[in-house]
Amino acid sequence: MRRLSTLALMAALPLGAVATPALSGEITWWAPEFGEERAAELVRRFEEAHPDIQVNMEPVVTNGLQNRILVALRSGNTPDLIDVANGWNIPFAATGGLLPLEEVLAEKNIPLDDFLPAALETATYEDTLYGLPFRAEAHALIYNKAAYREAGLDPDSPPETWAEFVEASKALTRTTESGVEQYGFGIAGGGEVSNTIFRSLPFIWMNGGNIISTDLSEVGLDSPESIEAVDFYTSMLTEHGVAPPSTLENDGTALRRLFIAGTIAQYQSGQFDLASIHQENPDLEVGTALLPHPEGKERAAILGGWNFVIPEAAPNKEDAATFLAFLAEPENMGYYTDTFPARESAMELERFQDPELGSFREMLKYARQQPPSANWVQITQIYFDYVQEALLGSMSAEEAMTEAAAEIEPLLGQ
Amino acid sequence: MRIPKRFQGIMFVLPALFVLAMLVFYPIVYTVVLSVTDPAGNYVGLENFRSMIDARLTARAFWNTLIYVGFSIIFQVLIGTAVGILLNNEFWGRGAVRALIVVPWVIPGIVAATTWAWMFHTEFGIINYMAQSAHVIDQPVGWLTNPDTVLPALITVNVWKMFPFVAIMVLAGLQAIPNDLYEAARIDGARKHHEILYVTLPHLRPVLMSITLLLAIWGLNAITIIYAMTKGGPANRSLITPIQIFRHAFEFFRFNEAAALSVMFFGATALLMTLYIRIYAEKD
Numbered sequence: 001m002r003r004l005s006t007l008a009l010m011a012a013l014p015l016g017a018v019a020t021p022a023l024s025g026e027i028t029w030w031a032p033e034f035g036e037e038r039a040a041e042l043v044r045r046f047e048e049a050h051p052d053i054q055v056n057m058e059p060v061v062t063n064g065l066q067n068r069i070l071v072a073l074r075s076g077n078t079p080d081l082i083d084v085a086n087g088w089n090i091p092f093a094a095t096g097g098l099l100p101l102e103e104v105l106a107e108k109n110i111p112l113d114d115f116l117p118a119a120l121e122t123a124t125y126e127d128t129l130y131g132l133p134f135r136a137e138a139h140a141l142i143y144n145k146a147a148y149r150e151a152g153l154d155p156d157s158p159p160e161t162w163a164e165f166v167e168a169s170k171a172l173t174r175t176t177e178s179g180v181e182q183y184g185f186g187i188a189g190g191g192e193v194s195n196t197i198f199r200s201l202p203f204i205w206m207n208g209g210n211i212i213s214t215d216l217s218e219v220g221l222d223s224p225e226s227i228e229a230v231d232f233y234t235s236m237l238t239e240h241g242v243a244p245p246s247t248l249e250n251d252g253t254a255l256r257r258l259f260i261a262g263t264i265a266q267y268q269s270g271q272f273d274l275a276s277i278h279q280e281n282p283d284l285e286v287g288t289a290l291l292p293h294p295e296g297k298e299r300a301a302i303l304g305g306w307n308f309v310i311p312e313a314a315p316n317k318e319d320a321a322t323f324l325a326f327l328a329e330p331e332n333m334g335y336y337t338d339t340f341p342a343r344e345s346a347m348e349l350e351r352f353q354d355p356e357l358g359s360f361r362e363m364l365k366y367a368r369q370q371p372p373s374a375n376w377v378q379i380t381q382i383y384f385d386y387v388q389e390a391l392l393g394s395m396s397a398e399e400a401m402t403e404a405a406a407e408i409e410p411l412l413g414q
Numbered sequence: 001m002r003i004p005k006r007f008q009g010i011m012f013v014l015p016a017l018f019v020l021a022m023l024v025f026y027p028i029v030y031t032v033v034l035s036v037t038d039p040a041g042n043y044v045g046l047e048n049f050r051s052m053i054d055a056r057l058t059a060r061a062f063w064n065t066l067i068y069v070g071f072s073i074i075f076q077v078l079i080g081t082a083v084g085i086l087l088n089n090e091f092w093g094r095g096a097v098r099a100l101i102v103v104p105w106v107i108p109g110i111v112a113a114t115t116w117a118w119m120f121h122t123e124f125g126i127i128n129y130m131a132q133s134a135h136v137i138d139q140p141v142g143w144l145t146n147p148d149t150v151l152p153a154l155i156t157v158n159v160w161k162m163f164p165f166v167a168i169m170v171l172a173g174l175q176a177i178p179n180d181l182y183e184a185a186r187i188d189g190a191r192k193h194h195e196i197l198y199v200t201l202p203h204l205r206p207v208l209m210s211i212t213l214l215l216a217i218w219g220l221n222a223i224t225i226i227y228a229m230t231k232g233g234p235a236n237r238s239l240i241t242p243i244q245i246f247r248h249a250f251e252f253f254r255f256n257e258a259a260a261l262s263v264m265f266f267g268a269t270a271l272l273m274t275l276y277i278r279i280y281a282e283k284d
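Chains as they are written, first to last, in my numbering: chain A, 1 to 414; chain B, 1 to 284.
Read the hints as simulated data drawn from the structure, not as lab findings. All C-beta atoms, glycine included, are put in the ideal place defined by N, C-alpha and C. Be a bit skeptical, because a hint or two may be false.
Said to hold, decoys possible - FRET-style restraints, in silico, Cβ to Cβ:
#	chain 1	residue 1	chain 2	residue 2	range
1	B	Ala-59	A	Arg-38	44 to 52 Å
2	A	Lys-365	B	Phe-246	36 to 44 Å
3	B	Ala-16	A	Glu-192	38 to 46 Å
4	A	Glu-239	B	Ile-110	32 to 40 Å
5	B	Thr-114	A	Glu-33	15 to 23 Å
6	A	Glu-192	B	Val-103	28 to 36 Å
7	B	Asn-221	A	Val-61	23 to 31 Å
8	B	Val-103	A	Ser-276	26 to 34 Å
9	A	Glu-26	B	Val-103	43 to 51 Å
10	A	Val-61	B	His-194	42 to 50 Å
11	B	Glu-47	A	Glu-239	40 to 48 Å
12	A	Lys-365	B	Ala-134	50 to 58 Å
13	B	Asn-221	A	Pro-282	46 to 54 Å
14	B	Thr-114	A	Thr-176	28 to 36 Å
Full structure from sequences and hints, please.
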């Protein structure tokens, strides 16, 4: 019998180990692994200044991260501070698992008026702030200057309007002197759904349309403006043939590779692509420009970025707030971000003055958040399926978007 | 304490049964419970089932699953058996070939699928590059983006991945066939193809039957290859039911609908397997 109880004890041991409560003076931080080195450096600096607080930084992979955080928030077994993509912030807040931050931030003297308003909106749910943005970015147009010259275009004045852009893309679609089949404009039509959303939804917005309205009450995908914009996007492949035949399997990474290989002359992406383009093809003359807009209308972009959140169930909220205040200091935020910081004062740092970044910085002014619908993933999946139908040529943009709208409609009321 | 003899056996297996019940029955029961409730846990009857049956993609996904698994099994068994029989012969370097042949099976599915996705890529893919260099095709083919080629391409990868398993099992089965049967056949004047047809294959039948069953079960539940290569695209032309379940559960967080679809899929799979075993058992 004694042996049995020992056995039972041993079996229960791992459970006990998992449930150990965090000691005060210790916090756990989930940070995406792509920023691991900088995160570790920040932790080092913080611990130097606050010897009584120990930060356990756990690098997490972004694949499946949203789900992992959601499970953590629902189970109540959470770290003290988490980096979340800004599109997840409101859905997480809606579960009731996040700590409201306004009071915390006021106590730490963090001026919210220094933050990009659109970035703060991604963290605001029912008029309460549930996250602190630290990274913000928007897509711009990346183009090959040499290809522009060879096609008889001026590399210093990239196209402004949609009509000019289509003409330029047609001119860029040609067999080059070195025998490469070059395509004018690479669009995304495959991979993760978000790749296509980030590259096509801005065109819909510019034209005055939407997938669903900002107040989440209406589907706008079957409006003439939305249909026209989707047609503008998909016709790059179906009508003009300026997008490569591989469009339906291309995501952001594939587009970057095609650009580096010289197969496509223009594509949309964030500034994070620039480093690997320069590294893998140093001879490529990269130009960046604002996204083209419809004649007489404003440009638009999706605001991408990341926010810090503190879970309601965090074992050590007090020290987490201290660490959050440290990370929110302009120089730390400017050091940590992969793209731009979400604070205006951090924008002044040397690192963000590179002229090549100018277009991306300018596009931030036009950036809006994606509709904070709880069903957004499902809605965008439906939209994406029908964009693919249009790209396949099995439906016109109008037919595809009309059907997509009908399918999205029942998801609104939920 | 003395335990009556007839209970002793049960006492011994009880811990194992308990673990089994927790690991197997609990998830099944929980899935069924999820399938008839809403996210708040209220009983909703067959509502989730109805909404999944009405969903535009359910029928297409199920049909794709049948095609994908059916053709995969046919070619896995055909090629696997042929390779198994070949490898049973004596030839120089047989050990090396036997070792090499299992490579596809041993490579993690996600690695293999990602590599194949790049090989099939319209622009960078080595397959198009070789076919164009050899003038088999003059325009690059969108293997994974053309609705007509996407399923065959995925089936090819699936066959490549699993045929070594069939070959190994067949090889093991072949070693169990007594040599005197072949000798007897040869004395009766049988040629090589007669031997295969009348001695080898009949003796392999039990092995092949279990293999087919395993392949069917694994194939119906596998999502790695398709999820990594096309995610069910283009426009759901390669969507299979397991991926649809995955999407509903872990991308849309609609666990109840996903559970309803799982239950239906489980029913359909169970029915297919039962039929298969019945038909086979009757023949024997």
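Please flag the earlier hints that this structure goes against, numbers listed from lowest up. 10
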